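Asks: Listed below, chain by chain, are the residues.
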Amino acid sequence: MIGEVLGKLGFDWKVALANLVNFLIIYYLLRNVVFKKLGAAIKERQERIQKGLDDAKRAESALVMAEVEKDSILKDAHKESKVILEDADKKGKKIVSDAKTLAGEEASKIKDSALKDIDKTKEQTRKELEKEYVSLVLDGIEKVAKGEIDKNKSQKLAESLLK
Amino acid sequence: MNGELFSFKRDISDIGPSVLFDILGFPITNSTLFILLITLGLVVFSVLVFRNKSLVPGKAQAFFEIVYEAIHNQIKTITGNDYHTKRVFPIIAAIFLFVGVSNYLGLVPGLSSITLDGQSLFRTATADFNTTFGLAFGALVVLHLVSIKDFGILGYIGKYIPVNQIKEDLKKGVLSPIYVFVTILIACLDIVGEFAKAISVSLRLFGNMYAGDVLTTILISIFAFILPSFWVAFGLLGALIQTIVFGSLITVFYMQAAGPEPGTEGK
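Here the protein sequences line up with chains A and B, keeping their order.
Be aware that the first sequence starts at 1, since it is given in the working numbering, and climbs by one per residue.
Be aware that the second sequence starts at 1, since it is given in the working numbering, and climbs by one per residue.
These are computed hints drawn from the structure, not numbers from a lab.
Take these hints with a grain of salt, some might be off.
If we take Cβ atoms under 10 Å as the criterion, some of the chain A residues that face chain B in the derived model are [unchecked claim]:
{"#": "1", "residue": "M1"}
{"#": "2", "residue": "G3"}
{"#": "3", "residue": "L17"}
{"#": "4", "residue": "V21"}
{"#": "5", "residue": "I26"}
{"#": "6", "residue": "Y28"}
{"#": "7", "residue": "V33"}
{"#": "8", "residue": "E44"}
{"#": "9", "residue": "R45"}
No more than 25 Å apart at the CA atoms, straight line, and that leaves these computed lysine-lysine pairs for DSS-like [to be verified]:
{"#": "10", "chain 1": "B", "residue 1": "K76", "chain 2": "A", "residue 2": "K43"}
{"#": "11", "chain 1": "B", "residue 1": "K76", "chain 2": "B", "residue 2": "K86"}
{"#": "12", "chain 1": "A", "residue 1": "K43", "chain 2": "B", "residue 2": "K53"}
{"#": "13", "chain 1": "B", "residue 1": "K149", "chain 2": "A", "residue 2": "K37"}
{"#": "14", "chain 1": "B", "residue 1": "K167", "chain 2": "B", "residue 2": "K76"}
{"#": "15", "chain 1": "B", "residue 1": "K76", "chain 2": "A", "residue 2": "K36"}
{"#": "16", "chain 1": "B", "residue 1": "K149", "chain 2": "A", "residue 2": "K51"}
{"#": "17", "chain 1": "A", "residue 1": "K122", "chain 2": "A", "residue 2": "K109"}
{"#": "18", "chain 1": "B", "residue 1": "K59", "chain 2": "A", "residue 2": "K43"}
{"#": "19", "chain 1": "A", "residue 1": "K37", "chain 2": "B", "residue 2": "K76"}
{"#": "20", "chain 1": "B", "residue 1": "K53", "chain 2": "A", "residue 2": "K51"}
{"#": "21", "chain 1": "A", "residue 1": "K120", "chain 2": "A", "residue 2": "K109"}
{"#": "22", "chain 1": "A", "residue 1": "K36", "chain 2": "B", "residue 2": "K59"}
{"#": "23", "chain 1": "A", "residue 1": "K131", "chain 2": "B", "residue 2": "K53"}
{"#": "24", "chain 1": "A", "residue 1": "K43", "chain 2": "B", "residue 2": "K149"}
Here the structure is a predicted model, which is why all the values come from computation and not from measurement.
Where is the CB? At the ideal position from N, CA and C, for every residue including glycine.
Work out the full structure: start from the sequences and follow the hints.
Replies: Take a look at the structure:
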């Protein structure tokens, strides 16, 4: 009965088998040529795209790391420069202060030395004056003793001695 | 003017194919020639596309790749995993392409008008029950072989003759003969159902495609212009739907026949 129904639909097992065999030829061609090559091409492209994406991800990650590192380096450099500046400022101030102290000391020394020189000179002058004074006194006494000196001469002598 | 200016009287094609000649006792029909035409076209197209295959695809290669991926995605949607998709892809994709190309080629105007001794040289392959049945039957044979490979011969037979169930039924006292009878009846229905699968999918595709041909002929004989255009446009959609239905059903049958993915048994 099934055969009769199928026959009315134009079924012939020989034709069905021939068409199936022809389909199998198509299947063989598709599987071994088309699908294989297409699959390989798509796979290769997907791998390349994936590799590109991975590389981009790695580069992005490296960029972020570099940014962080850069920020850290800049921060450190900023800190270091601040320390150096503060240190330089301190040193500068110390140098100025030391220079001031040294200059003061030096000035004081010079002043002392000058004062000493003045004192020395004064002493020396005083001594020389004393000597001169003694000599004058002695000369005066001698002249007075010899009677060579009257009031007028005495006046002139004193004036000449004082010049 | 009797109206014949606007219509073409054509005979509705027979439900069966026309035998053109014999080779070693095997009749070569117009649907067989149509399949050979598809094969030839496929070879020429493959050569043209893959001769200049490149990583950055040209238009033809891109078209092939889009079709390839669409079929792959459709199969994966049904199988749900990569293992079964990879395993069944070549055969199901070949069915998809064959049915699709055949359905669309059948819509090419004038192809069925090429005749030899008054007989049409080409007939849409899928509008011939021999092709659809041969295809469905062949696919189901392959699927049953897959089932035997996955479950072993005893496991495969056990799917249709539930020995353990019958043993359980025999322990059910006075009503056990009824239980056994029902179990055997269900088993028989399952076996018949396997044959029915081949007939149902092949009849569905054949019926739709042949009906399309017949309706086109009728519409052209009523009014040759404009009206058939709508039907042909509808046919473009119908051809796609029939391709997807046929290919998807074979994939569903595969999933029913195949065992679980290795390493996932019992999960």
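Asks: Work down the list of hints and note, for each, if the structure agrees.
Replies: How the hints compare with the structure:
| no. | hint | in the structure |
| --- | --- | --- |
| 1 | M1 | violated (13 Å) |
| 2 | G3 | violated (12 Å) |
| 3 | L17 | holds (7 Å) |
| 4 | V21 | holds (9 Å) |
| 5 | I26 | holds (5 Å) |
| 6 | Y28 | holds (9 Å) |
| 7 | V33 | holds (6 Å) |
| 8 | E44 | holds (7 Å) |
| 9 | R45 | holds (6 Å) |
| 10 | B:K76 with A:K43 | holds (16 Å) |
| 11 | B:K76 with B:K86 | holds (9 Å) |
| 12 | A:K43 with B:K53 | holds (14 Å) |
| 13 | B:K149 with A:K37 | violated (28 Å) |
| 14 | B:K167 with B:K76 | violated (38 Å) |
| 15 | B:K76 with A:K36 | holds (18 Å) |
| 16 | B:K149 with A:K51 | violated (38 Å) |
| 17 | A:K122 with A:K109 | holds (19 Å) |
| 18 | B:K59 with A:K43 | holds (18 Å) |
| 19 | A:K37 with B:K76 | holds (20 Å) |
| 20 | B:K53 with A:K51 | holds (21 Å) |
| 21 | A:K120 with A:K109 | holds (16 Å) |
| 22 | A:K36 with B:K59 | holds (19 Å) |
| 23 | A:K131 with B:K53 | violated (130 Å) |
| 24 | A:K43 with B:K149 | violated (29 Å) |
In the structure shown, a violation is registered for the earlier hints numbered 1, 2, 13, 14, 16, 23, 24, in ascending order.
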